[in-house]
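Enquirer: Anchor point for the sequence shown: position 37 equals 37 in the numbering used here, and the numbering is continuous, going up by one each time.
These are calculated hints, taken from the structure and not from any lab test.
Treat each hint with caution, since some may be false.
Beta-carbon label-pair distances, calculated as ranges [said to hold, decoys possible]: (1) Ser112 with Asp132: 16 to 24 Å; (2) Ala38 with Thr82: 16 to 24 Å; (3) Glu40 with His131: 17 to 25 Å; (4) Asn65 with Gly128: 16 to 24 Å; (5) Asn65 with Arg130: 29 to 37 Å; (6) His131 with Pro61: 29 to 37 Å; (7) Lys63 with Ala85: 17 to 25 Å.
Ideal Cβ placement from N, Cα and C applies to all residues, glycine included.
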Amino acid sequence: MTHHARKTATVLGVLATVALFSACSRAAEPKEAGDQAALERVELERVCMVNDTAFERDQIPVKVNNTTYYGCCQMCEERLKTDQAVRLAVDPVTGDWVDKAGAVVAARPDQSVLYFSSEETLERYRKGERHDGGE
């Protein structure tokens, strides 16, 4: 391999690594309520539970204490194994903590997800009910 080819391969490798870690480490930004009716129910297997993002394909299953969580990459897999806070969410209707692995999950049009303690609280959210009393 020539010096130029090695240099090009190194640069491409670095760029690919940066792109992967940028996608996996981005924090989910708070979103406005938006159109509640646009929420679409999502299967747990299709959610990265670190980035709180829905995907078209099944994600990497991660077993923690006999419970299965899902992550989109190796970094998210490690976070799920080691950071309990990543495995929890707050139901936007009840304000209660929810284990993401047992939650009802719904995605917004931008694919960010919300976790609900039940189908009932998802329906209440769709009708405009919020924990903070906002409509």
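Enquirer: If a hint holds in the structure, say so; if it does not, say that too.
Expert: Hint-by-hint comparison with the structure:
1. Ser112 with Asp132: 16 to 24 Å: 18 Å, holds
2. Ala38 with Thr82: 16 to 24 Å: Because 34 Å falls outside the window, the suggested range is violated.
3. Glu40 with His131: 17 to 25 Å: Hint holds: Cβ distance 21 Å, inside 17 to 25 Å.
4. Asn65 with Gly128: 16 to 24 Å: Given about 36 Å between the Cβ atoms, the range is violated.
5. Asn65 with Arg130: 29 to 37 Å: Holds, at about 31 Å.
6. His131 with Pro61: 29 to 37 Å: With a Cβ separation near 30 Å, His131 and Pro61 satisfy 29 to 37 Å, so the hint holds.
7. Lys63 with Ala85: 17 to 25 Å: Cβ of Lys63 to Cβ of Ala85: about 18 Å, so the range 17 to 25 Å holds.
The structure is inconsistent with the numbered hints 2, 4, although it conforms to all the rest.
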